[in-house]
Amino acid sequence: MTITLADLARQVVATTDPDQLELLEAVTAQWNAGAPRPRRWGWLAGTVDSDIEPTVTGGIIYPLLTSTFAQILGTAALVAWTRRRWWRRRKDVAIPQVQITLDAHQLEIFRVTCVLHGTALGLTTAQATALADAAHGALHRAMLAPRSGS
Amino acid sequence: MTVAAAPDGGRYPAVDWDRVAGVERPRQLWWVYALVAAALVALGGGAAQALYYAHDLGGMTAAQDCLSDRGLSLTATAADRNLATSRQIAECAGTLNFRQGVAMIVGSVGTVAVVWLLMVGGGLVTRARLRRGRTPLAATDAARAAADRFDRWCDVWRLTGRRRPRLLLTAPGSLSGQAFATGLPFARPWVAVPASYAYAEPGQFDLVVLHELAHVRARDLLWTSAVWWSGWLGVPLLLAVLGPFLTRPDTLRLLFGRSLVLAAVLSVVVLVLRVALLRRRELLADAYAVRVLGGRSELRAAFGLDPDGVPAPVRGSGGTGFLARAGAVGVRARGLAATHPPPAVRADPPPGAVEGSEGGFAVAALAGLVAMFAFQHTIVVLSDVLNRVPHDARVPSDVGLGLAALLWAGVLVPAWVRRARGGSRSWWGPVLGSVAGVAGGYAAQIPGGVPVSDSQFGDDLAFSCLVLAAVTLGVTVLAVCLAVGVSAGRRRAATVLAVVTAALAGTATWSVTFTVLSIHIVNRSAAQDRTLVSSMGGHYGGWRYLAPVLVVCLGLTALAARAPGRRIEPPLERGPLLARIRADRHLRRLAPVALPAIVVGGLGGGVSWVLRFRPEVSGDLVNLLVHQRWWACALAGWAVTAVLLLTHADRAPTMEPDRRPAATGAGFPGALAAGFGTAALAGVVTFLSAATSGFGWNLSTLSYSVEMPLWLLFVTTVATLPAVFLTTGAIRRRRVAPWRTATVALGTTALVGTLVAALFWGALAAVAIGPHDWSLNDAVVNRPVAPTRPPAALPSPVGPGPAPGGTADPGRSLDDRAAVAVVAGVTPLLPAGYRESVPDAHPGLTETEPARCGELFAADAAAENALPRTGQAVRRYDFTPEPNIAMNVTVRVISFRTPRPDLGTIRGEVARCPSFAWPYDGADDRLLHGTLADGADLALPYPSYRYHQVVQGTAGGRLTRTTSTEAHVLVGRNQIVVGVTYTYTGRPPSAAVPRYAGQLLATAPAALIERLRAQR
Chain A
1206 MTITLADLAR
1216 QVVATTDPDQ
1226 LELLEAVTAQ
1236 WNAGAPRPRR
1246 WGWLAGTVDS
1256 DIEPTVTGGI
1266 IYPLLTSTFA
1276 QILGTAALVA
1286 WTRRRWWRRR
1296 KDVAIPQVQI
1306 TLDAHQLEIF
1316 RVTCVLHGTA
1326 LGLTTAQATA
1336 LADAAHGALH
1346 RAMLAPRSGS
Chain B
-7 MTVAAAPDGG
3 RYPAVDWDRV
13 AGVERPRQLW
23 WVYALVAAAL
33 VALGGGAAQA
43 LYYAHDLGGM
53 TAAQDCLSDR
63 GLSLTATAAD
73 RNLATSRQIA
83 ECAGTLNFRQ
93 GVAMIVGSVG
103 TVAVVWLLMV
113 GGGLVTRARL
123 RRGRTPLAAT
133 DAARAAADRF
143 DRWCDVWRLT
153 GRRRPRLLLT
163 APGSLSGQAF
173 ATGLPFARPW
183 VAVPASYAYA
193 EPGQFDLVVL
203 HELAHVRARD
213 LLWTSAVWWS
223 GWLGVPLLLA
233 VLGPFLTRPD
243 TLRLLFGRSL
253 VLAAVLSVVV
263 LVLRVALLRR
273 RELLADAYAV
283 RVLGGRSELR
293 AAFGLDPDGV
303 PAPVRGSGGT
313 GFLARAGAVG
323 VRARGLAATH
333 PPPAVRADPP
343 PGAVEGSEGG
353 FAVAALAGLV
363 AMFAFQHTIV
373 VLSDVLNRVP
383 HDARVPSDVG
393 LGLAALLWAG
403 VLVPAWVRRA
413 RGGSRSWWGP
423 VLGSVAGVAG
433 GYAAQIPGGV
443 PVSDSQFGDD
453 LAFSCLVLAA
463 VTLGVTVLAV
473 CLAVGVSAGR
483 RRAATVLAVV
493 TAALAGTATW
503 SVTFTVLSIH
513 IVNRSAAQDR
523 TLVSSMGGHY
533 GGWRYLAPVL
543 VVCLGLTALA
553 ARAPGRRIEP
563 PLERGPLLAR
573 IRADRHLRRL
583 APVALPAIVV
593 GGLGGGVSWV
603 LRFRPEVSGD
613 LVNLLVHQRW
623 WACALAGWAV
633 TAVLLLTHAD
643 RAPTMEPDRR
653 PAATGAGFPG
663 ALAAGFGTAA
673 LAGVVTFLSA
683 ATSGFGWNLS
693 TLSYSVEMPL
703 WLLFVTTVAT
713 LPAVFLTTGA
723 IRRRRVAPWR
733 TATVALGTTA
743 LVGTLVAALF
753 WGALAAVAIG
763 PHDWSLNDAV
773 VNRPVAPTRP
783 PAALPSPVGP
793 GPAPGGTADP
803 GRSLDDRAAV
813 AVVAGVTPLL
823 PAGYRESVPD
833 AHPGLTETEP
843 ARCGELFAAD
853 AAAENALPRT
863 GQAVRRYDFT
873 PEPNIAMNVT
883 VRVISFRTPR
893 PDLGTIRGEV
903 ARCPSFAWPY
913 DGADDRLLHG
923 TLADGADLAL
933 PYPSYRYHQV
943 VQGTAGGRLT
953 RTTSTEAHVL
963 VGRNQIVVGV
973 TYTYTGRPPS
983 AAVPRYAGQL
993 LATAPAALIE
1003 RLRAQR
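Protein chains in written order, with my numbering: chain A, 1206 to 1355; chain B, -7 to 1008.
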């Protein structure tokens, strides 16, 4: 089974929060341009912030998926997929375009791992479970798709 | 969220807009602006002084030269100065001081402008980045709905014009990833919200928008920026103005090390206080959002906590081992630097955390410190600027103290009023903070500036600061009592009146303290101190009208402090006086206390005067009787205040926390006003007693009879209020049953009677009035001022020389023997015990930085040595005028074959090498640093030139400084050189040493010329 992170994210958001698809597009475009690195401007002192981070599915989906896959597949593997090889003569692969390949065992442990990472990212258990279920379903469908096609 | 009957429609929940419109905005921190502005003004003034000194912008060398000629020093302390020397200092340093005053004003304005520009620059950069962070999502339906919601929030609080913030939805993942607000002076604030919030739970959008609107409405955006830049500016500003010293780190450390350390410490304190203040403002903004939304569920949800559950548990340290303890320390340190409290605290803040005010130890100490910096800045600027025009010497000091007291009271009294309304905190922190801040701010110097305290009190600084702390304790307790008193009501006028009263009290107290201290350290006379304290409130003391104004302010404060809605009982229109008193609740409480005090105090003073005064009595006795008369009335007023506070301790302020804010201290302004009223009426009774006994109906006497007791009562109140404050707390803790009216009346009578009797019998002589104060003070004031004399080792250098009128040609050629005889002509001018020697020939400086100076010195020395001469002599005379001061006089007489045309060589060296350094292994930086400067011309009918050389270096961190002045005179073929040098390490010499040097240089060349004339 192989699927890009962008497709997986789109399917998860379409399942859990379909009204956030336009937000997801903007987020994907941002991640395609490079992983966002939020900057704080404390030294300018002209701002008073709230210290409250928004937790919307469209915004949190990529950190959730990348951290989950990094644990399942290994961080080195995930990073290696995004690296440019000198013999390939192409640029780095953006995170959303990384193709994820899982076997059946990895798919089994994906759901539990995803819930753990979701709560670590600030989601409630219910929210994290809903996202994990949606992602697990999408991966499962992707796994079944070639089989039904053959 | 309160749901209205008619939903608003769309994705956002309906709101009860009418209820929301009534939610009070968070309180503003205007006092931070006042403190920041005052601190920046002082900082700028200090930096200007440092700049002025480091670059010698005002001609300090010339001023010092002028002073040396008069035997004075720029560093003369107050004890060294008298009327004559002050005039001479003004003549020499007047221009210098005026320019310095102007430079300090420019520096203050410039520093404020720099911070302003930094604030504007920071705001502009933020806005530029925000413009780059725009997102195409702003055009979506969700974003439009969010913008409409934001506008609705702004509309409900009628935020229009510059007060209406602009919403910016930022691209997800860009910028800080959080909602924030940013402001610019005189421009609309911007509220940046990540576009993700437009898709989040609607309550989350409302929460962050309301949080940021709370900051906008509380005007938090600009003070955070101003305090930030002020905190960072101190040290760089000081280093920037000290440019010439940056290449000489040891000198920099010695001369400005204290300033730099103080600036760094203050920067850290300011930045730590800023984040502490911000943490409280975040809680306030959260509370505002919670009030508007009608519950905490959204806030808890935002932090991932159970919206309706129990408060989140606070995590423990996780163990007791070393690592756990180290981790806990790290967490605590990180918490100190965090601008936001932890989520668990924000979701469920502890009781009192939101309502608390900012008047605790730290803010009180900072307010006191900045107030005293403002005083130091003002007194220096006004003294310098007014130097050119005749003015009362007390004006700069009193104006500075007035501004300082207004700043101090204006910041602290409103904060303490809010603190008192909270009612659950102790007053020890604020009181001690204020005392420490004022005393510390006076003792410390403004970074870069000259400490005023040193020049005022010199060696007595520690004692003076202790006295200042003691009187500040009294004024602080007075201010706390006023704040507690007016906290029961809600009228803003009461707070304003309390601020004015506290500021007046502070100004008068500090002014009198400084005046008395400055005279005390000279004369050390308790009698004079007592006389001064009482006379400061008299016709010529300057504070004559303070006490009456205070009485009016206290009365108005007491009226305005009444709780709203409390009915003021109308007096009975008719009926006997007793019935009317009984009908009025306040008079019912006051009458049994005040009436006995007025009668006993007033009649006691009057009868004492009538019975004891005789036309033939001495001035001492008249003075004693007059003062005892005033003091009797003042003590009666003090007794009334004390009895009212002690017998109604439930309404008196204490140091202890009290959870009954409505009742606590409500009676204090009234009790104080009653005391002053009693003293005034007792004064009238005293006057009437005396007048009816044949002493006449003089209006001036009546005026004094009222004013002086009021003033003495003010002094007594400030001195004793801390003790009363503590006593009321003790009484309240013991829960004493209410006193009966008759008991109170009898007790008051007994108290006043005891105090008056003790006064008349002299038991209070040490603090009130002594039996011989008049003559003792007279003796001190009219004591002949001993002329300032140099130390025994320094006789007047205008000593017996050869009688003028010699007929020999002073310009003739001399041989060595004749030259030695001429050189010896200086010895009558020298102090006894000098050591004569023939100095080694100085090799001269060749290796210097810059190198051109060494080359110039070597070339000039070679050229001079090449001049053919018929004879020469050189002698050096060493002596020790003061401990730690090594002084020598070097005299050279050189007779050339042909006359030297002029002294252009030495003039050229001074002009071309004003500053240079040369290697010296003994110095910390392996260098000695020298400066050359022109001196005043000698009044001689021959070509002459005088210049100053200062050489300094540090060894083991201690500065050693050598000051030389050389006078060169060309008399025909002869050149006379007289050099006076003194060296010290650490403490500079007294003014006598430079005075002696200046006088010796003025007289020695003339004496040597006379010796030339006399010899054949």
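Where hints are given, some of them may not hold.
[Said to hold, decoys possible] Computed from the model, here is a short list of chain B residues facing chain A with C-beta under 8 Å:
(1) Ala131
(2) Thr132
(3) Ala163
(4) Asp807
[Claimed, not checked] Ranges of calculated distance between the beta carbons of each label pair, as one might list FRET restraints:
(5) Ala1325/A to Arg3/B: 41 to 47 Å
(6) Gly1239/A to Pro241/B: 52 to 58 Å
(7) Phe295/B to Gly1239/A: 41 to 47 Å
(8) Leu1312/A to Gly319/B: 37 to 43 Å
(9) Val1317/A to Val264/B: 40 to 46 Å
(10) Ala1325/A to Trp22/B: 23 to 29 Å
(11) Arg17/B to Leu1278/A: 48 to 54 Å
(12) Leu1278/A to Leu238/B: 41 to 47 Å
(13) Val253/B to Gly1239/A: 44 to 50 Å
[As the list claims (entries may be wrong)] Computed list of chain A residues with no C-beta within reach of chain B, every gap over 12 Å:
(14) Thr1207
(15) Ile1257
(16) Thr1262
(17) Val1303
The set of hints was computed from the structure by calculation and includes no laboratory data.
Glycine included, C-beta positions come from ideal geometry on N, C-alpha and C.
Outcome of the hint check:
1. Look at alanine 131/B: its Cβ only gets to about 10 Å from chain A, farther than 8 Å, so that hint breaks.
2. Proximity of threonine 132/B to chain A holds as hinted, the smallest CB-CB distance being about 6 Å (cut-off 8 Å).
3. Among the interface hints, the one on alanine 163/B holds; its C-beta lies about 7 Å from the nearest C-beta in chain A, closer than the 8 Å criterion.
4. A hinted interface residue such as aspartate 807/B counts as satisfied when its beta carbon comes closer than 8 Å to some beta carbon of chain A; here the least separation is about 77 Å, so the hint is violated.
5. Between alanine 1325/A and arginine 3/B the Cβ separation comes to about 29 Å, which falls outside the hinted range of 41 to 47 Å.
6. Taking the beta carbon of each, glycine 1239/A and proline 241/B are about 46 Å apart, not inside 52 to 58 Å as hinted.
7. Checked against the hint of 41 to 47 Å, the pair phenylalanine 295/B and glycine 1239/A fails, with Cβ atoms roughly 29 Å apart.
8. For the hinted restraint 37 to 43 Å between leucine 1312/A and glycine 319/B, the CB-CB distance of approximately 39 Å keeps it satisfied.
9. For valine 1317/A and valine 264/B, the Cβ-Cβ distance of about 45 Å falls inside the hinted range of 40 to 46 Å, so the restraint holds.
10. Checked against the given bound of 23 to 29 Å, the beta carbons of alanine 1325/A and tryptophan 22/B, roughly 43 Å apart, lie outside it.
11. Distance hint for arginine 17/B and leucine 1278/A: a CB-CB separation of about 53 Å, consistent with the stated range 48 to 54 Å.
12. Between leucine 1278/A and leucine 238/B the C-beta distance comes to about 57 Å, which lies outside the given range of 41 to 47 Å.
13. The hinted range of 44 to 50 Å is satisfied by valine 253/B and glycine 1239/A, whose Cβ atoms lie roughly 45 Å apart.
14. Every CB of chain B is more than 12 Å from the CB of threonine 1207/A (nearest about 26 Å), matching its label as outside the interface.
15. For isoleucine 1257/A, the shortest C-beta to C-beta distance to chain B comes to about 5 Å, within the 12 Å cut-off, and the non-interface label is violated.
16. The Cβ of threonine 1262/A sits about 8 Å from the closest Cβ of chain B, inside the 12 Å cut-off, so the non-interface label is violated.
17. The beta carbon of valine 1303/A sits about 17 Å from the closest Cβ of chain B, which is more than 12 Å, so the claim that it is off the interface holds.
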